[in-house]
Structures are given as C-alpha cells and as structure tokens.
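A.B. asks: Residues per chain are reported as follows:
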Amino acid sequence: MDALIIITVGFLVAFNCGILGSFLVLRKMAMIGDAISHAVLPGIVIAFMLSGSRENIFMMIGAGVIGVFVTIMIEVLTRKGKIPVDAAIGYSFTFLFAIGIILLTAFADDVDIDEQCVLYGEIIYIPFNVWVTQGGLHLGPTALWIVGLNTFIVLIVILSFYKELLITSFNPDFADSIGIKPIVWHYVLMGLVSYTAVSSFESVGAVLVVGLIIIPPATAYLITERLNKMLIYTTIIALITSILGYYLAFLLNVSVAGAMITISGTIFLLVFYLSNRYNKKVIMSKSE
Amino acid sequence: MTKTAVEIHDLVVAYNRKPVLWNIDAHLPAGKIIGIIGPNGAGKSTLIKAMMGLLKPASGKILFFDNPLDEVRERVAYVPQRESVDWQFPVTVFDVVLMGRYKKVGLFKNPGKSDKEKAKQALEKVDMYQFRDRQISQLSGGQQQRVFIARALIQDADIYLMDEPFAGVDASTEKAILKLMKEMGEQGKTVIVVHHDLQTVMDFFDWVMMLNQRLVACGKTQDVFIEKNLNDTYGGKLTLLNEVGQILSKNQMPQREK
Ligand SMILES: Nc1ncnc2c1ncn2[C@@H]1O[C@H](COP(=O)(O)OP(=O)(O)OP(=O)(O)O)[C@@H](O)[C@H]1O
Ligand SMILES: [Mg+2]
Numbered sequence: 001m002d003a004l005i006i007i008t009v010g011f012l013v014a015f016n017c018g019i020l021g022s023f024l025v026l027r028k029m030a031m032i033g034d035a036i037s038h039a040v041l042p043g044i045v046i047a048f049m050l051s052g053s054r055e056n057i058f059m060m061i062g063a064g065v066i067g068v069f070v071t072i073m074i075e076v077l078t079r080k081g082k083i084p085v086d087a088a089i090g091y092s093f094t095f096l097f098a099i100g101i102i103l104l105t106a107f108a109d110d111v112d113i114d115e116q117c118v119l120y121g122e123i124i125y126i127p128f129n130v131w132v133t134q135g136g137l138h139l140g141p142t143a144l145w146i147v148g149l150n151t152f153i154v155l156i157v158i159l160s161f162y163k164e165l166l167i168t169s170f171n172p173d174f175a176d177s178i179g180i181k182p183i184v185w186h187y188v189l190m191g192l193v194s195y196t197a198v199s200s201f202e203s204v205g206a207v208l209v210v211g212l213i214i215i216p217p218a219t220a221y222l223i224t225e226r227l228n229k230m231l232i233y234t235t236i237i238a239l240i241t242s243i244l245g246y247y248l249a250f251l252l253n254v255s256v257a258g259a260m261i262t263i264s265g266t267i268f269l270l271v272f273y274l275s276n277r278y279n280k281k282v283i284m285s286k287s288e
Numbered sequence: 001m002t003k004t005a006v007e008i009h010d011l012v013v014a015y016n017r018k019p020v021l022w023n024i025d026a027h028l029p030a031g032k033i034i035g036i037i038g039p040n041g042a043g044k045s046t047l048i049k050a051m052m053g054l055l056k057p058a059s060g061k062i063l064f065f066d067n068p069l070d071e072v073r074e075r076v077a078y079v080p081q082r083e084s085v086d087w088q089f090p091v092t093v094f095d096v097v098l099m100g101r102y103k104k105v106g107l108f109k110n111p112g113k114s115d116k117e118k119a120k121q122a123l124e125k126v127d128m129y130q131f132r133d134r135q136i137s138q139l140s141g142g143q144q145q146r147v148f149i150a151r152a153l154i155q156d157a158d159i160y161l162m163d164e165p166f167a168g169v170d171a172s173t174e175k176a177i178l179k180l181m182k183e184m185g186e187q188g189k190t191v192i193v194v195h196h197d198l199q200t201v202m203d204f205f206d207w208v209m210m211l212n213q214r215l216v217a218c219g220k221t222q223d224v225f226i227e228k229n230l231n232d233t234y235g236g237k238l239t240l241l242n243e244v245g246q247i248l249s250k251n252q253m254p255q256r257e258k
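One line per chain: the protein sequences are E and U, in this order.
If you read the first sequence in full-length UniProt numbering, its first letter stands for residue 1, the second for the next number, and so on.
If you read the second sequence in full-length UniProt numbering, its first letter stands for residue 1, the second for the next number, and so on.
What you were told as hints is all true, and nothing was included just to trick you.
Computed, partial: chain E to chain U, Cβ under 8 angstroms:
1) Phe-170
2) Asp-176
3) Ile-178
Distance windows between CB atoms, simulated:
4) U/Glu-117 / E/His-138: 52 to 60 angstroms
5) U/Gln-121 / E/Asn-228: 17 to 25 angstroms
6) E/Val-85 / U/Lys-113: 37 to 45 angstroms
7) E/Tyr-91 / U/Trp-22: 31 to 39 angstroms
8) U/Ala-14 / E/Phe-95: 29 to 37 angstroms
9) U/Gln-130 / E/Ile-232: 24 to 32 angstroms
10) E/Trp-131 / U/Ala-14: 51 to 59 angstroms
11) E/Lys-82 / U/Arg-134: 34 to 42 angstroms
12) U/Arg-134 / E/Leu-239: 28 to 36 angstroms
13) E/Tyr-125 / U/Ala-14: 55 to 63 angstroms
14) E/Arg-277 / U/Ser-137: 13 to 21 angstroms
15) U/Arg-134 / E/Ile-101: 46 to 54 angstroms
16) E/Val-188 / U/Ser-84: 17 to 25 angstroms
17) E/Tyr-187 / U/Lys-113: 29 to 37 angstroms
Reference excerpt, derived from the structure (chain E facing chain U, CB under 8 angstroms, subset only):
18) Ser-160
19) Asp-173
20) Gly-179
21) Ile-180
22) Arg-226
23) Leu-227
The set of hints was computed from the structure by calculation and includes no laboratory data.
All residues carry an ideal CB built from backbone N, CA and C; glycine is no exception.
Model the full assembly from the supplied sequences, consistent with the hints where possible.
C.D. replies: Here it is in structure tokens:
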C-alpha cells in the first residue's frame, strides 16, 4: 500500500513537471525551472517566519509568490536590461537562494525547517503524513491531495489552452500578429511552473524537480515529430521513472527522488543512443 | 484614385532609444503588390514588425484602411522571416498551417472541419498538400516558405505583410509564390513584400518603397525605381552602382507583362 502511494505521488509529480517541462524545453527555457525551484527557498522561510506555522498552505503561498517574482525578475532583466537570459536566470536564483540560506541559518533556532528535506524531498514519509479532518476523518496522505490537485489544474490548463501554448511556443511573433499575446501565456506557464515546483518539493525536493522538468521531455523530444506525442511519451517516461525509481531505491536503500532521476537520466541515454543509431531524428541546436 | 490600404504617419522606431527608422511617411495603395527594398540594416524588418504591432513605435502611427491595427487585425496577415522560428519544433506542416485560424477558432475550442478544409485548400494552392504530415524540419527552405505562406492564406486577410518570402528559395518556388501574389493582387488584396533582389524588382512589384532608415522614395515602380533613388538608398557603393546601371538598362527593354 505504501509502495503504491509513493509510486503514485512520484508519478504525478513527474507528470506535472514533465508536461510543463515539455513547453519549457521547446521554448528553450528549461533552466527557468531551475531558477524557480531554487528561488522558492526564501519564500518558504519568510512564509514560515510570518505565519509561524508549518502548515503547508502558508509555505506554498510564500513559495508561489517568490516563484512568480523570480520569473518577472528574469523577464525584466532580459527585456529591459538586455542581459542574456541564461545570465539573468543564474543571477536571479543564486541571489534569492543565498538569501534563503542566510535566513535559514540566521533564524535557525526559530525556523524549524529541515533544509535537507526542502532540497531533496522525502517521498518515503508521505504515506505517514495523513490528512485528518477536525472530525477525525482520515482522508489519506496529504501529499497525494496536494500533488493530485496540481495534476488536475495542469490537465485543465493544458487541455483548455493547448493551441495558445503551442502557437506562442513555436512562433510568438506570429501569435502576437493574430492577437494571441505571448506575454500572457508566458506568465500562465511560469505561474504553473512555480506552483508545480512548490507542490512537488515536499516529495522530491527543490533540486530534483529540475530533473523531472527537463529530462523526460528532452527524452520525448528525441523521438517525436508532434507536440501531442511528445506529451504522451513524456507521460509514459514519467510512469516508468516512478515505478523503476521506487524499486531501485528500495533495493539499494537509497533516496527515491535520486533513484527516479537516475532512472530517467538512464532512459534518456538509452533513447539518445537508439535514436542516433536508427537515425530517427537528428538533434540540432537552433541556428540563431 | 485607388483606395489606400496602409497609411504610415511620421513613424519613428527605436531599439534602446536609438532610432533605426526616422520619420517615415507613406501611403500604400490597396490591391497592389508592393516591394520594400533597402540595404541590410535599413530597417525593413523593423518597419514590418512595427506595422504588425510587434514593436512599439517611439512616435507616429500606422493605419490600415483608416483604422488602427487592433480594430482590423483579422484583415492583416503576417508572414515572418523564415529564420524567425525553430524548424526542429515538433509540429507537422498541417499543424503550422492551421495556426492561421487559431484566433478565429477562439478560446477553449479546437480547429474544426471547416478550418481543416481551408488548410487543405491553402496547402494545395502552394502545392504542399502531399507534405501535410511531415515534420517541418524535413522540408527544404523553399517548402518551409510555402508553408508560411499557406498559413497566411487561410487567414483570409486583405493585406499581407511578408518578410523576405523570396529569400533562399529556388526558381520554381519563386515563380509559384509570384504567381500566387499576382492572383491575390487581382482579387484586390494588398501584398507588401520585403525584398532583396534588385534584378527582379521591376518584374515583381507595381509599387516600391525604398528605405534606408529614412524613406527615400515610395511610388509606382516605373516612377521611383530610378538611378538617383537607388543611389540614395544604397549609398554610392561602387559595385552596386555598376549593378544599378545594369538593372536599369536591362529593364528599359519592354519585358513587363502589363
Ligand atoms: N532587436 C534589436 N535590438 C537592437 N537593434 C536591432 C534589433 N533588431 C534590429 N536592430 C537594428 O535595427 C536596424 C534595422 O534592422 P532590420 O532588421 O529592420 O533591418 P533589415 O532592413 O530588415 O535588414 P536585413 O536586410 O539584414 O534583413 C539594424 O541596424 C539592426 O542592427
Ligand atoms: Mg530583415
């Protein structure tokens, strides 16, 4: 039963990250995921200091606010300051992350947050953290609800706005010319990525979220010629990753999140080798 | 007097507060095929982007049939420069063409039967229907250009702005695109084309706009495509001057079809 819960949460997290990550990879913005997932640390600490509570909801709001803040910061730096986007990302998240570290160490006595857990997650404790209502009703693991709600929202947005996300990813100038505003969809996507990074880090940690955002979509990208197939392959890879990742961790007695990323990294290498060998699609970088 | 399709008033466009287009004033007639020519860096793409509202002008305004773009957006179609997208992107030819209908389809809906029928017709017009299921990376440059044009065609617009549709295409694609443009002109559509090859200006365009950061000339091709304006547009570069002489003398011969 616990295994099933852990695998399900792992899969849902990998699914949420992978679906959004597909769009980030295609927009050549994969490292934004990195920025958001690191920058949320100060958000969590500040939310904790302000609310004095370890309730998930406060931390998620704090982290979500910072997540959106960092995407705006990157956008402004590149658009107004003419700084290359990778430099803007590197600047923004290391800066915010450092602030988070300082806050965490300076107020270590008051802030009861395990940074180990924030960074690397603790998916195996998920089954024990059960949501109990005031009436004493057991509703199952809290994380399952949090991640499940996330999946629901990701699905709704992607299914409703597939064509807007597609056109603004492929050809933003053209989208703009017909009246579909790329900037709106940029922030919709970034808002979702922030939310997803936050709701995922309890399970897999802030660092490994990045792996799930990039690796499964990058793998799917190697073998697809259409976006809808890319999303389906990403989902399949997310499923394999969560199942094999769990059992690898179980066998070797290591971190589940670490094992999941190791598995998906291995799948990528395998697909990369096979797709080159069978020459399915040549990977080329965009010639600017 | 023909109707005016596009009116540009005192347009100044700047990047980082450095103007690259100065005080452009022009009227472009409806139902004509209009070339925009000028050297690299003259601001041709910038002008097109400003017209499409992709860049905010520092000052001035642009009107389409006497209206600002936002009020007549569905009557204006844009064909971006081919290099402006990543051709490795996982979409098929058909997917790209359908994008021309995305705004009309509206939020929460997917392109329907009639949109697909239109996409099919547009692809047939540019002779690309047999490639509809190909991923766009598996196309030649000329075929990619045809896909972009098909996408603009299904917008059913009255004004088409095309950024270098003839760049890097072979002779047969060039002919096909030109034929299409002439057809569009006959249907009363206005086709505005950024163009580089001076040799073909006389044959292709009814009207030209000569640009080098400032507007050098704008008028009927036979009136403004003259040595003096060419010199002003391209600066007195020697090799170019020789070429200009050749082009002009070549075009003295009666080879225009009108
Ligand atoms: N995004 C940008 N930021 C800053 N300067 C730019 C930008 N895009 C263009 N420029 C500058 O504006 C000027 C006009 O560029 P534009 O691309 O409009 O020229 P063009 O006439 O289309 O040239 P080409 O024939 O090479 O396509 C150039 O000097 C160019 O360096
Ligand atoms: Mg240009």
